[in-house]
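Asker: Since the structure of chain A is provided, determine the placement of chain B on it from the hints.
There are 2 protein chains.
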Amino acid sequence: MQIVNNISDVRKIIKQWQREGLSVGFVPTMGYLHEGHASLIEAANKENAKVVVSIFVNPIQFGPKEDLDKYPRDLERDSKIVETSGGDLIFNPSPSEMYTEDFSSFVEVNSLTDGLCGAKRPGHFKGVCTVVTKLFNIVTPDKAYFGEKDAQQLAVIKKMVRDLNIPVEIIGCPIIRENDGLAKSSRNVYLNSEERAAALVLSKSLEKAKEALKSGERSSEKIRDIIMGTLSSEPLAQIDYVEIVDSISLTSIDYIENSILIAIAVFIGKTRLIDNFTFKL
Amino acid sequence: MQIVNNISDVRKIIKQWQREGLSVGFVPTMGYLHEGHASLIEAANKENAKVVVSIFVNPIQFGPKEDLDKYPRDLERDSKIVETSGGDLIFNPSPSEMYTEDFSSFVEVNSLTDGLCGAKRPGHFKGVCTVVTKLFNIVTPDKAYFGEKDAQQLAVIKKMVRDLNIPVEIIGCPIIRENDGLAKSSRNVYLNSEERAAALVLSKSLEKAKEALKSGERSSEKIRDIIMGTLSSEPLAQIDYVEIVDSISLTSIDYIENSILIAIAVFIGKTRLIDNFTFKL
Numbered sequence: 001m002q003i004v005n006n007i008s009d010v011r012k013i014i015k016q017w018q019r020e021g022l023s024v025g026f027v028p029t030m031g032y033l034h035e036g037h038a039s040l041i042e043a044a045n046k047e048n049a050k051v052v053v054s055i056f057v058n059p060i061q062f063g064p065k066e067d068l069d070k071y072p073r074d075l076e077r078d079s080k081i082v083e084t085s086g087g088d089l090i091f092n093p094s095p096s097e098m099y100t101e102d103f104s105s106f107v108e109v110n111s112l113t114d115g116l117c118g119a120k121r122p123g124h125f126k127g128v129c130t131v132v133t134k135l136f137n138i139v140t141p142d143k144a145y146f147g148e149k150d151a152q153q154l155a156v157i158k159k160m161v162r163d164l165n166i167p168v169e170i171i172g173c174p175i176i177r178e179n180d181g182l183a184k185s186s187r188n189v190y191l192n193s194e195e196r197a198a199a200l201v202l203s204k205s206l207e208k209a210k211e212a213l214k215s216g217e218r219s220s221e222k223i224r225d226i227i228m229g230t231l232s233s234e235p236l237a238q239i240d241y242v243e244i245v246d247s248i249s250l251t252s253i254d255y256i257e258n259s260i261l262i263a264i265a266v267f268i269g270k271t272r273l274i275d276n277f278t279f280k281l
Numbered sequence: 001m002q003i004v005n006n007i008s009d010v011r012k013i014i015k016q017w018q019r020e021g022l023s024v025g026f027v028p029t030m031g032y033l034h035e036g037h038a039s040l041i042e043a044a045n046k047e048n049a050k051v052v053v054s055i056f057v058n059p060i061q062f063g064p065k066e067d068l069d070k071y072p073r074d075l076e077r078d079s080k081i082v083e084t085s086g087g088d089l090i091f092n093p094s095p096s097e098m099y100t101e102d103f104s105s106f107v108e109v110n111s112l113t114d115g116l117c118g119a120k121r122p123g124h125f126k127g128v129c130t131v132v133t134k135l136f137n138i139v140t141p142d143k144a145y146f147g148e149k150d151a152q153q154l155a156v157i158k159k160m161v162r163d164l165n166i167p168v169e170i171i172g173c174p175i176i177r178e179n180d181g182l183a184k185s186s187r188n189v190y191l192n193s194e195e196r197a198a199a200l201v202l203s204k205s206l207e208k209a210k211e212a213l214k215s216g217e218r219s220s221e222k223i224r225d226i227i228m229g230t231l232s233s234e235p236l237a238q239i240d241y242v243e244i245v246d247s248i249s250l251t252s253i254d255y256i257e258n259s260i261l262i263a264i265a266v267f268i269g270k271t272r273l274i275d276n277f278t279f280k281l
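These protein sequences, in sequence, are chains A and B. Under the UniProt record's numbering, the residues of the first sequence are numbered 1 to 281, in order. Under the UniProt record's numbering, the residues of the second sequence are numbered 1 to 281, in order.
FYI, nobody ran anything at the bench for these hints, they're computed from the structure. Everything hinted at is true.
No copy is singled out in the list; a pair is fine if it fits within one copy or between any two copies.
In silico DSSO-like links for lysine-lysine, alpha-carbon gap of 30 Å or less:
{"id": "1", "residue 1": "K70", "residue 2": "K120"}
{"id": "2", "residue 1": "K210", "residue 2": "K270"}
{"id": "3", "residue 1": "K12", "residue 2": "K46"}
{"id": "4", "residue 1": "K46", "residue 2": "K15"}
{"id": "5", "residue 1": "K15", "residue 2": "K158"}
{"id": "6", "residue 1": "K126", "residue 2": "K158"}
{"id": "7", "residue 1": "K270", "residue 2": "K208"}
{"id": "8", "residue 1": "K65", "residue 2": "K270"}
{"id": "9", "residue 1": "K184", "residue 2": "K70"}
{"id": "10", "residue 1": "K204", "residue 2": "K70"}
As the structure is a computational prediction, the values presented were derived from the model and not from experiment.
Just chain A, with the same shape it has in the complex:
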């Protein structure tokens, strides 16, 4: 397994692989890898001859008051996880390698980004789409793997790839959870023990919604009340959003009759966590 910092080197290595007819799977990450990322790398390893993992905390997808500076980083630990999971190459560029001083080109998906995290984090998806386009152009993978935990991100990337004819297949992989249900996230490391216990309220509230849906409840408002009620019972939790949307268009719905995405974002102390599930009738 190699670690490469600059664009021209990573291109050379991948071009050589492609000349030999080897398929390339790609897992873009912001590092501080957990079992969720490992599952993406393993999936890529199963379906491709070579696997590239990028580790880049992308400054342009963070808002001015967000956690760019304190976002956790640990390349040594990450390298071990990539190697164990079957990765062949880590691309770990510096911000200046990715963004020259006069950088001024951006990629934007105008639909799908109005609600959910898009509404709460203005400019976030423009930053995500721009960096993912750049990474796709550098790595030129056959397939790229994204976690379903960032459900809106996955939908936006799929739309961008379709609209702009980017020659890559996007593959979504299921959320990986701790034993007690908390969705794995690099940001879980911010939680102290009290907050870690409180964070369980996210997955618990979604479990309750799932039960109600299985029992036949079809009113978005009632499902939303169930989730809000559970979240509100936790004093350390502050709700950012609870949304019930069509799983393709990501637009709000009143009555549940198709495939829906229930997505939540909740502050536990100062840490913003997200979770979701898709329910098909």
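Answerer: Same frame as chain A, now just chain B:
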């Protein structure tokens, strides 16, 4: 020479070429080809094993009051020019092949687009960058050829390719002119005989500016006055802009000391024509 209308077919053909190790040159056009386009195709033919020419009048780069509907089209004539100039494949998609009804992803270059045509045609370069990105993703060429007549377009495309790491080399080719000096343009067909004679005032005004520069004039204002004076002497001409800018940043300059671009846009009757030259000290 083949003509292909849909994206998946053109991809298959080009993929097969690339598997055989053949390099691909690409000339994106809006059709109604003239000797300027032919010179691009010839340049592509010299430097690549295969040459793809796209013919697509891109609706999203036209403003609501512009000439989208009456833009001239003649595929039969174009095919002959492509064949004679050394093209191997014409990609001629329909608007619906390129833009699905829910299309919503865009590429934008925020610098370089404020002045010149960008100021006069809001949204134009967003439309150009988006379609060129799509075409690059469909054709995946090694090199792509653009005319220097659209000097701002060439600068914007180069910037986009650099910023977004698009794996293609952009090659600018010199303006091709009629014997009397008028820059070749698909829009010249709009001109009646009186307007055709009047249109000469564009290249004439630039020639006068060139002479003044060669005689040592370094004041942008004075050079601008020379151009404006010549253009104003033609009753059928209505000036859209006359700009003297740095040839890289496209920002206005007062005193000429580096490489500059002098670009003009002039209505002759209802037809908007552009012309330019680059001057290096």
